[in-house]
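Once you have looked at the hints, place chain B on chain A.
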Amino acid sequence: MTLDPDDYTVDELREELDGIDDVEEVREALETERSGAERKTALEALEERLDALDADSSDDEPTRDKKHVRALVGGDYADMWVFCETQHGELLDVSKEMLGKARELMDGYAEDFGDEEDVVAFLIGDGCADLAEECIAYGADVAVYHDDDRLERFLHKPYTEISAHMARGQGTTESTDWRSYDEPRYTLFPATNNGRDLSALVQAELDSGLASDCSDLFIQPEEVSNPVKTGEPGVKKTFERTLHMKRPDFSGFEYSTILCLDNPDRDFHPQGASVIPGAFDVPEPDHDREGLVVEHDMELEDEWFSVDIESHDTLEAGVDLTGHEVVVCLGRGIGDDPTLGMELGLELVDAFDDAALGITRGIVTSSYQFDGHVEQYSKEERQIGETGQEVEPPLYIAAGVSGAVQHKVGVDESETIVSINTDSDATIRDFSDYFIEGDLFDVLPMLTDAVKSGELTVEAVADGGETDE
Amino acid sequence: MEVKPMSETRADGGSDDYEHYEAVVVGCGPGGAAAAARLAEHGIETLVLERGVEAGSKNVSGGLIYAEDSAPYTIDDLFPDFREEAAERPVTDYHIHNIDGRQVTTYDLTDLHEHDTDWCDAVLRRTMDSWLEQRVHEKTSETGGGVLTGVRVNGLLRENGEIVGVTCDELDPIRADYIVAADGVNSELARAADLMDWDEPDEWFQGVKAVVDMDADVINDRFSIEEGEGVAHLFSGDLFEDVRGGGFLYTNEDTLSIGTVFHLDSLVAEEAEPHELLDALLTHPLLAQWFDGEYNELEYSAKLVPDSKKVAHREPYADNLVLVGDAGGQMQAQGPIIKGMNHAVTAGALAADAYALTRGNADPEAAGRRYTTMLEQSGTMGKLRPRRYELTSTVGEHDLVTRAVEGVLNSPVGSVAIGNPIAKRLLPKAYNSPFLVGMLPDTSMAYTTLPSLIGEKHGRTVHWENEIEPPTLEERIGDLTYNTDVGNPHIRLQDESFEASGAAVYACPVSAEDFGGGCYRAETVTTNGSEEKLVSLDTQPCVECGTCAIVADTEWTHPRGEKGVEFKQG
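These protein sequence lines are chains A and B, in that order.
Going letter by letter, the first sequence gives residues 1 to 469 in this note's numbering.
Going letter by letter, the second sequence gives residues 470 to 1039 in this note's numbering.
Here chain A stands alone, though its shape is the one from the complex (with noise of 0.2 Å):
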């Protein structure tokens, strides 16, 4: 038997559609109304029982599963917690960073708010309990890991089930006990792809808000009249405590200040961020601090890890060449046969203990062809100059390098630069300590001898040659 909705008035509807699962009748019925009576309301509730009739009833829908775990009221937070993401069984320096950071907050949170709580670093992965003692030279009071082999790479499902179990406290007493919260007050996570993923997850799951990419933090009591937070109209509250986010918005024209406030009847905790690397310094490591290292109890279930790594590459991270004892750079001198050219600096740089090999944008952007075992060399990333890196090493050697003021800017720095070129009116000669007139086919391998020997200084060879200071 089919409902016919204007047997009813919609109050009656409601409550009839409550004890309807079908959801051909519910249909039949919506359509009945839409060609008569169309009243509204009626509709409305015709529609929103069949939204609930769907929702159960398609199994496939990825949404099935998802329970709201409604957010806590007046709950009970504590502590300032700190995701630590690790890679090839390091410390990312974000993570270093973030704790420095974290102390500092902490020690001020201290001071003004007149109550002691703790930065709890927070590590997954396989193999990581070093790494917890690790973050508490960087200022953790208290480092929570989770090993598992199966943890070796970042898994979303399991990494976010553990990172919401680990800061509602849930697990044995023994790694519990230490704390008497219910959920952490702050949350800190690197804003690296990892963490960026990690970050929406857990706080969803959490059910708080998060403010991504961050730059600055800072802590301080906010008064706000939005009648969603105090509550009424007219009224303003003061929320302690409040931690503020700032992030770079509109492609970084303007900063917005994020806070992450409690309604009157729903907590938005913990306060969430997601931290840009480089944005706070990585702290000096006290390895005497003492802290407390808490491992992490808590069954993972197989169907978590359904997701298998199967193969993975490593990209290229680029080339740093800042931090080096020397800097060989090449230019277009070495036109002529610029593999060799390449080889020869190469092997400069071999005859240094720690040297590495700069070019020039010229070479970046020639049509020279390189051998296929130089040819690595010759790209951007390793480009020294206005528009690639800058380097300011104990010594500089270019070789080839005519020494445009856009190279220039690259290499100002340099405690002692020592040029090669065939040309003696070379701009380079105009910055360089010593110049050496001579082809660097000619001169790279007598230096390399030189270095390798150690009979003839840099230096030497420079003064002995035609040089000119």
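There could be a bad hint or two in this list.
Partial pick of chain B residues on the chain A-facing surface, computed with a CB cut under 8 Å [what the hints assert, rightly or not]:
{"hint": "1", "residue": "Thr953"}
{"hint": "2", "residue": "Asn957"}
{"hint": "3", "residue": "Glu965"}
{"hint": "4", "residue": "Gly985"}
{"hint": "5", "residue": "Gly986"}
{"hint": "6", "residue": "Arg990"}
{"hint": "7", "residue": "Gln1009"}
For the record, the hints were derived by calculation from the structure and aren't laboratory data.
Small disclaimer: the values here were computed from a predicted structure and weren't measured.
A virtual CB, placed ideally from N, CA and C, is assigned to each residue, including glycine.
Here is chain B on its own, set in the frame of chain A:
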């Protein structure tokens, strides 16, 4: 002003959301400024998009702007304080020097210069255009628009094939009822609308210029002028070997603009280096009198100049888009007459009037048609494409005829003709006749042979020594300001063979043979034992003149807004 940044665009890219303006003007040079100012005066909501950090930062000109008696609009009609606020010195003295080695014959061209001229001022484009931008912003703000800088328009928004707006690198597409393309000689819009191409070098001139520092008092002293006076000198003859073109020197308040302008096809044919041609002028003994051994170059710049005789578009419109100024080839360069900015101003104002008059007409091309008619009736098109040139050029430019005429001139009889006393009287007259100058064929005869014969026969000998040393190309590039769009070159080389693109190595004003720091470099590459000559490109030193778009096989666009070279003088 409400223009949405990219980050606020709708994810589905729905066009209903696009900003709409009654008129969009692309480019805030004199043409765009005149158009926008007039549109605003008609009460039309006008948005001006300018790709530079401010107007003028992308602009170069030789440096004279005219107000013609016969023109319907001059720049001070539209912007009353223009001459006091935005211009340098007026030109009160005008000469041409025919050069043959150290022999120089000078003619006073003031008569020619003053023909149809209300006034003529030297200008520097950064100062001039940035001042115009302020005025345009004030005017257009009153009718709901304004000027947005740092926005590069990269193409046309079309619907069912019809132009309905513009697309930009930095913003969402913008719809407009009327689009004024005043985006300069390398107009991407004119090309997107299939109105202009970049194919023939003989349709273009290339100008390079140096702005030279000189105290106002020193200028007054060395050029024998007072405050409020200025000079223009033109140079022709064998200074430049067989490359067809000439040079100029204009006095600004406390700088000089010195440059050379050559037919691009001639530069290519002679494999000439533009910066060396400029240096040939700068170091000529004749200029020693003005430098006195001192030379401080502030800025090196270059630009293409359309030859309006050949490319001024007779019907510069498509749908609701019109071309104004260089974008439409409206640059008059006929012998010693070099007028561009004044025609751009006229055209811009007429384009605005044409829209105001046809506003509400359902036919999108109504305004374009009206604009075309107005260009004709105002006499502007007649100046840009003189009829007498079209009559003479078929004969005048013919190689055989040229050679025949040169043969006569070089013969004893021909030289006698030039050397006789009557010719001495007639020649300055001929040079001062706009009619005869308009007839000058574009061959080396007009630029080189005739002037050097004149120089030989009538000249005085210059005995000064010019000892200045112009900067090298490397130094010139080093002195320019660039905001390089790292990893995003705006020009791509399509064919790197020397046959296809080698001409750019010398014709590009910031490239030279055996110079590794320029845009285009010739390189001999050995692959598997066989040698090959290739061309490589680095767009970092680019001055955005557009030469390589014509002489090489490239995919040429302007850099994104605020990127690339920034001229401080212009």
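- Message: Under 8 Å is the threshold here; is the Cβ of glycine 985 (chain B) close enough to any Cβ of chain A for the hint to stand?
- Response: Where the cut-off is 8 Å and the nearest Cβ of chain A is about 4 Å from glycine 985 (chain B), the hint holds.
- Hey, does the glycine 986 (chain B) contact hint survive, CB to chain A under 8 Å? Where the cut-off is 8 Å and the nearest Cβ of chain A is about 5 Å from glycine 986 (chain B), the hint holds.
- Message: Given a cut of 8 Å on the nearest C-beta pair, is the interface hint for arginine 990 (chain B) held or broken against chain A?
- Response: holds (7 Å)
- Classify the hint on asparagine 957 (chain B) as holds or violated, based on whether any CB of chain A lies nearer than 8 Å to its CB. Nearest chain A Cβ about 11 Å off; hint violated.
- Task: Using 8 Å as the Cβ threshold, decide whether glutamate 965 (chain B) counts as touching chain A.
- Result: At 6 Å from the nearest chain A Cβ, glutamate 965 (chain B) passes the 8 Å test, so the hint holds.
- Can glutamine 1009 (chain B) be said to touch chain A, with a Cβ gap under 8 Å? With Cβ-Cβ at 6 Å, under 8 Å, it holds.
- Message: For the restraint on threonine 953 (chain B), tell me whether the closest CB of chain A is nearer than 8 Å.
- Response: This interface hint holds because 5 Å falls under the 8 Å limit.
When held up to the earlier numbered hints, the structure conflicts with hint 2 and nothing else.
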